[in-house]
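J.: The lines below spell out each chain.
2 protein chains.
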Amino acid sequence: MSNPSAAIIVIGDEILSGRTRDSNMHFLARALTRAGIDLREARVVADRSGDIVAAVNETRARVDHVFTSGGIGPTHDDITADAIAAAFGVGIGERADALAILAAHYASRGSDFTDARRRMARIPEGARLIENPVSAAPGFSLGNVHVMAGVPSVFEAMVASVLPGITGGRPLLSQTWRILRGEGEIAGELGRLADDYADLSIGSYPFHREGIFGTSVVVRGENGPRVAEAVARLAALYPA
Amino acid sequence: MSNPSAAIIVIGDEILSGRTRDSNMHFLARALTRAGIDLREARVVADRSGDIVAAVNETRARVDHVFTSGGIGPTHDDITADAIAAAFGVGIGERADALAILAAHYASRGSDFTDARRRMARIPEGARLIENPVSAAPGFSLGNVHVMAGVPSVFEAMVASVLPGITGGRPLLSQTWRILRGEGEIAGELGRLADDYADLSIGSYPFHREGIFGTSVVVRGENGPRVAEAVARLAALYPA
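So the protein sequences, as listed, match chains A and B.
Residue 1 is where the first sequence starts when you use my numbering, and the numbers rise one by one after that.
Residue 1 is where the second sequence starts when you use my numbering, and the numbers rise one by one after that.
Derived by calculation from the structure, the hints in this document are not laboratory data.
Some hints here could point you the wrong way.
Computed spacing ranges between beta-carbons, pair by pair [claimed, not checked]: (1) B:Ala116 / A:Ala198: 47 to 53 Å; (2) B:Leu173 / A:Arg48: 35 to 41 Å; (3) A:Thr114 / B:Asn57: 56 to 62 Å; (4) A:Thr114 / B:Arg21: 56 to 62 Å.
Partner residues are not named here, just some residues of chain A that face chain B (Cβ under 10 Å, in silico) [stated by the list, open to error]: (5) Ala29; (6) Arg34; (7) Ala42; (8) Gly110.
A few chain B positions that, by computed beta-carbon distances, are all more than 10 Å from chain A [what the hints assert, rightly or not]: (9) Asp51; (10) Asn57; (11) His76; (12) Glu94; (13) Ala107; (14) Ser108; (15) Ala116; (16) Arg122; (17) Gly126; (18) Gly165.
Because the structure is a prediction, the values reported are computed rather than measured.
Glycine included, each C-beta is placed from N, C-alpha and C at the ideal position.
Just chain A, same shape as in the assembly (with noise of 0.2 Å):
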C-alpha cells in the first residue's frame, strides 16, 4: 500500500506580494513526511474567492488530504470559509458550538465580542471543527480538506489536532489548560509533567494577545482517564 497523499494551499496576499515569507508550507512538510503522508504538491494563492475554489477543487480530486491555510480570521478578506462552501457546493452560516467557543473566550478576557470576530463562527455545513488551542477561533474538516489558520503558531496547534485522525492512530483526546505565565517560567514543570505522562502528548503554544501574555497548554492522548489527570495536575500548579 502506498502511502497517503497530500496538498497545501496557503491563501494570502501578503505571501505572494512578498511582505510576509510562509512558513506554514515547510512546516506541514516536515509534519507529514514524519507522519508517512507525501506531500504532492503544495500552492500558494490570492485571497479571490475564484482561485481558492479551483485550486480546492483541483488538488482535492488528485490527493487524499488538502490542507489549507490562512483567510479564516475576522476582517473583510477573509474569504477563505465562503471559499470553501462554494468549492463543496454547501451552504455556510453561524455555528452554536463555533459561537460558545468564541463567546467564552473573549469572555474569560474581558473583551467585547464584536460582530467581526462573531464572523468566525461561519462555518460550512456538514464541516468538523477543529480545536484552536492558541486563540479559540476554530478551523474546521470538510471531507478531506482540513481549513485551518496562517498565524503560525495557530497554524501548527491545529496540525496537531488533526494529524492524528488522519495517519489511522486512534482518535486522541484533548484538553487544553491556560496559565497566564511565559513559557520560559513553566518549561521546568512541564518538562516534569511530559516525563511522568511520557504515553501523552504536551504541546505548549504561547499567546500574546490585547496585552494579555501567557501559554496554552494542550494534553493529547488516547486515554481520556490519563488525559484528565495530567491537566488536573496542571491546575493545581496554576490555578485559573
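Position chain B against the provided structure of chain A, taking the given hints into account.
T.: Chain B only, in chain A's frame:
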C-alpha cells in the same frame, strides 16, 4: 493598463519532503513587487515530468510570465529542461553556445567536462539562454516561461538577468568578471566602483566549488562602453 502578471513554479522533491526550505519563492515575490509585476500564484511540484508539464501549461496560459526554479543541474533527477520541451511540444538537444560556455567554465577551473555536466547544454528548441554568472550553466526562456536554477545564489543572479527585459526597460548589457577572492576582501573596491558608475548595476555573487572560493562580479547597464570601462577597471585591480 493593469500590471503584468506572473506565476512561479518551484520544482523539487526536497522542498515537498521538507528537507530543504525554499527561499526562491519569497525572493521572487519581493523582486516582482518592486518591478510592478503581480505574482498571482506560486506552486511547488515534485521532480515528475507529468506534474511539471501540467503546472507549466496551466499557468503559462493564465499569466504573462512563468518563472521556474530547480531541476536544471547535471543529475538524473534534473528533468526540467525535458519537461519544458514536452510542455511546448518542441525538441531538445545539445546546443553549441551552451556547450561552449560550459566547456570554457570547466577548462578555466581545470575540472573535467564530464558527460553529466554536458547534459546541462541540452536546451529546448527556440529558447533564449539566461546568463549564469555564478556557476556558468545557463537557464533559458522559452515563450513566456523563464527556467532558472534552484540554488538560491544562481536563481537570484538569473532573476537579475531576466527581469529588465520583462519590465519593458531597454535591454541590459552585462559582463562578468571572476575574482578569486572572497566578497569581504573586495567589498571596499566594489563600493567605490558602484559610486563611480552609479548608472550601472554592479552585482556580486560569491561562489565556492571544488575548493575554489571567489566572487563573480556582474556589471549590467544600458550603455555598452560604460559597462566595458567598469569591467576594465575591475580587471586592472584583480587580474585574471
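J.: Next, verify each hint and record whether it holds.
T.: Hints, verified against the model:
{"no.": "1", "hint": "B:Ala116 / A:Ala198: 47 to 53 Å", "verdict": "holds (49 Å)"}
{"no.": "2", "hint": "B:Leu173 / A:Arg48: 35 to 41 Å", "verdict": "holds (39 Å)"}
{"no.": "3", "hint": "A:Thr114 / B:Asn57: 56 to 62 Å", "verdict": "violated (46 Å)"}
{"no.": "4", "hint": "A:Thr114 / B:Arg21: 56 to 62 Å", "verdict": "violated (37 Å)"}
{"no.": "5", "hint": "Ala29", "verdict": "holds (3 Å)"}
{"no.": "6", "hint": "Arg34", "verdict": "holds (9 Å)"}
{"no.": "7", "hint": "Ala42", "verdict": "holds (4 Å)"}
{"no.": "8", "hint": "Gly110", "verdict": "violated (38 Å)"}
{"no.": "9", "hint": "Asp51", "verdict": "violated (7 Å)"}
{"no.": "10", "hint": "Asn57", "verdict": "holds (13 Å)"}
{"no.": "11", "hint": "His76", "verdict": "holds (20 Å)"}
{"no.": "12", "hint": "Glu94", "verdict": "holds (32 Å)"}
{"no.": "13", "hint": "Ala107", "verdict": "holds (39 Å)"}
{"no.": "14", "hint": "Ser108", "verdict": "holds (36 Å)"}
{"no.": "15", "hint": "Ala116", "verdict": "holds (28 Å)"}
{"no.": "16", "hint": "Arg122", "verdict": "holds (26 Å)"}
{"no.": "17", "hint": "Gly126", "verdict": "holds (28 Å)"}
{"no.": "18", "hint": "Gly165", "verdict": "holds (21 Å)"}
Consistency note: the structure conflicts with the earlier hints numbered 3, 4, 8, 9.
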